[in-house]
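Engineer: One letter stands for each residue in the lines below.
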Amino acid sequence: MSVVLVDAGGTNIGSVRYALQRLGVEAPLTADAQCIRDADKVILPGVGAAGPGMARLHELELVDVIRSLTQPVLGVCLGMQLLCEHSEEGDTTCLGVIPASVRKFEESTERCVPHMGWNRLSPTVKHPLLKDLEEGDWAYFVHSYAVPVGDYTLVGSDYGGAFSAVIASGNFHGMQFHPERSASVGAKLLKNFLEL
Amino acid sequence: MLSRRIIPCLDVRDGKVVKGVRFRDHVVMGEIVDLAWRYRDEGADELVFYDITASPEGRSVDRSWVERVARVIDIPFCVAGGIRSVTDARAVLHAGADKISINSPALERPGLIDELAAAFGVQCVVVGIDSMRDADGEWRVRQYTGDPSKTRSLQRRTLDWLTEAQRRGAGEIVLNCMDTDGVRQGYDLVQLTAARALCKVPLVASGGAGTTAHFRDAFTQARVDGALAASVFHSGAIAIPDLKHDLQREGIVIRL
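Protein chains in written order, with UniProt numbering: chain A, 1 to 196; chain B, 1 to 256.
You can take every hint at face value.
A few chain A residues that don't get close to chain B, going by computed Cβ distances all over 12 Å:
| no. | residue |
| --- | --- |
| 1 | V65 |
| 2 | T92 |
| 3 | P99 |
| 4 | N171 |
So the derived list for chain B, only partly shown, Cβ under 8 Å to chain A, looks like this:
| no. | residue |
| --- | --- |
| 5 | A70 |
| 6 | K200 |
| 7 | V201 |
| 8 | P202 |
| 9 | D225 |
Think about it this way: if two alpha-carbon atoms lie no more than 20 Å apart in a straight line, the pair counts; the simulated DMTMM-like pairs of lysine to aspartate or glutamate are:
| no. | chain 1 | residue 1 | chain 2 | residue 2 |
| --- | --- | --- | --- | --- |
| 10 | A | K191 | A | E135 |
| 11 | B | K200 | A | E107 |
| 12 | A | K104 | A | E88 |
| 13 | B | K16 | B | D62 |
| 14 | B | K200 | A | E110 |
| 15 | B | K200 | B | E164 |
| 16 | A | K191 | A | D132 |
| 17 | A | K191 | A | D40 |
| 18 | B | K200 | A | E106 |
| 19 | B | K150 | B | E108 |
| 20 | A | K188 | A | E135 |
| 21 | A | K104 | A | D158 |
| 22 | A | K188 | B | E42 |
| 23 | A | K188 | B | D41 |
| 24 | B | K200 | A | D158 |
Hints in this document: simulated from the structure, not taken from any laboratory.
What you are looking at is a predicted structure, and each value in this text was computed from that prediction instead of being measured.
Heads up, the beta-carbon is just placed ideally off N, CA and C, and yes, glycines get one too.
In isolation and in its complexed conformation, chain B is listed as follows (with noise of 0.2 Å):
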């Protein structure tokens, strides 16, 4: 059987891990391989570090800290920022990484994804989607989130987005449900139950994890493969070991 991921997401600004405060006054937390080791060590499945900076400042991420992490780290990782093109990619997982994580470029051209699928596999490509809902009750794509000036709303629905970036070779899907981001209140079971019942590749959940029990609604109720968090587990508020545990208690199948 297959288990389901316990995913840390660290943001990477000049080299190192930072916690920002909706989006600004960034903290430096530490010496990324050092953090990523205390992830790994701890049971975490997978890691994905995503390059705050990279985007807004149009540039690809910094190869030089990848590669530290590849040589170290003995558990997949992705890495997600600034990747607009096959060369950006394949530096990147050249470096050691073994997923790439596009977001906001493949909304620029969608046939990005068709580019990265074709010279790598499907298997490291992975689309986020940040998704809201509007007033009128759609679920529709947010670009340039990283930065709160540059965010723009798109027209395009967001299980639209998803079923076409399935077809167009992403491996998998992460939805970051902007709504329930930050608040720590739980996922947005609606929103991602919908996304799965389109997503036939592996399912990431991101945006709200508070407590243990809502990793386990996102699992049993909304069926995701994987959930994503990141502050919860940077404050210490959830130890994932204790997760984990807690999880395989539940029914859930959980690698210990």
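Extracted from the complex, chain A is given alone in its bound form (with noise of 0.2 Å):
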């Protein structure tokens, strides 16, 4: 089975491929239309904001290469981001290929922005991405913007009110948390979605 890294700039790309060696899997980066067309598996990571990330993309002329993936795509924190329609950082149009909105956290006073911790998930459907995760269990979180409940959602999370912390549409599918840092949780979800 071949995975591959979307190098689309962001920093948390050496712990991903990390944590992909751990469960045996050595992903090679790249931003080579042909390498992400014929992998198995597609891996779009990204930490950073979400204007950048997709004027990267376009650079990279990645935008219609990535929406025309059949393959399994997961797209992890602003990775996933990327995945849905629009953002609301920096009003930015994003690859549109799970019908979904990012919104900004509201900061109240009973709630710090980002969203920076380890917070429960809560499986709201039976996917095959979601084997064995259970509800409670905990994942690492560090984010500002989010994707609220909808349709797409697979687990839901909370923080100050509900938000989606899985999402997919089709083959595409987005974590909003860090699976390659939310300890065996994590692991367990990288490891489900290898075996999609």
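Hey, can you piece these two chains together into the complex? The hints should help.
Structural biologist: Right under this line is the structure:
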């Protein structure tokens, strides 16, 4: 099985790569359209902002490449947000492969932004990506923008209100938290993705 | 519900974890990766590695051990010490660190916070603040605390600096209360409460942990997001699994 990491310029690429190595999978980093099309699984990592993230995909001429993929694709954190239609962050048009919008977390006295730390996962549907995931499992989040709950939500979480922790539409999947930094729960979810 | 975080801090010198007594006479405690793994396995929510010799020696963090940690460890970790530029920070983040923490260099040149936030996003920019109460009752910032002979008292009020750091793009603040540090009599709840009132980003308490009750008070009274400690964990005085069970029994949201 071949897995590639799309080089969208995020800084967590190393961590995702090491997490896959711990699962016995060597995933090269690439911005080459043909390598991405040929892979069995494609992961879009990314930490940073939506605007620069999309600008980089345009610059690499990868926007249409990613949109036309038919194998399982996983976006992590910003990578997940880029799979959506639009992000309020910099009013950015994203890839639009998952029918969702990304909104800013509003600050309040009870809620610091960014949402940083471990929060509970609450699976809402049955899905092979969620195999062995239990209600209340913990995952590590770091983000200031989030996807509201919708038909595309597989797993929800709560931070002064419900939001999407895992989303999917067809072959496109996204995790708002960092599975590569979510201890054994994260490893389980990455393994499930590799087995899709 | 977001859980409160328990964060062991490991001092690193020449690629080993060390423990110092009053910043001197450092004793090697073990290999970085072994200790990091031990704390991860015990349920630490996050780790902070502080390269204690980087700043005094005028160099950036040695990135080879950062990469070794990133390969093995599957919880987030932050690297502090000697990060003075976007280039330094990029090397550490690309080696696999999730966050970088800056302290003295941010006081030298506050614009560094803006630059790091613009380059990497606020989520990976932590500003560490060393603070002490002066004779007039004001908390003020200290600089270069890694070396007692170089430590400087600044005119800058701690709470002003905390506000400015956030405005410039700090995504998290670690407030090290030096009056309580190393004494194990509890976190400085008065100062942390004052900081909490002004801190819109996650706030991590540092300095003074001695018992489980000290962690509880920091979470329930000062409402901090995370509590950092070193000696109580290294010495074995507090075992993380016991601490986390006790805190959960007290009704605090904790990841077990």
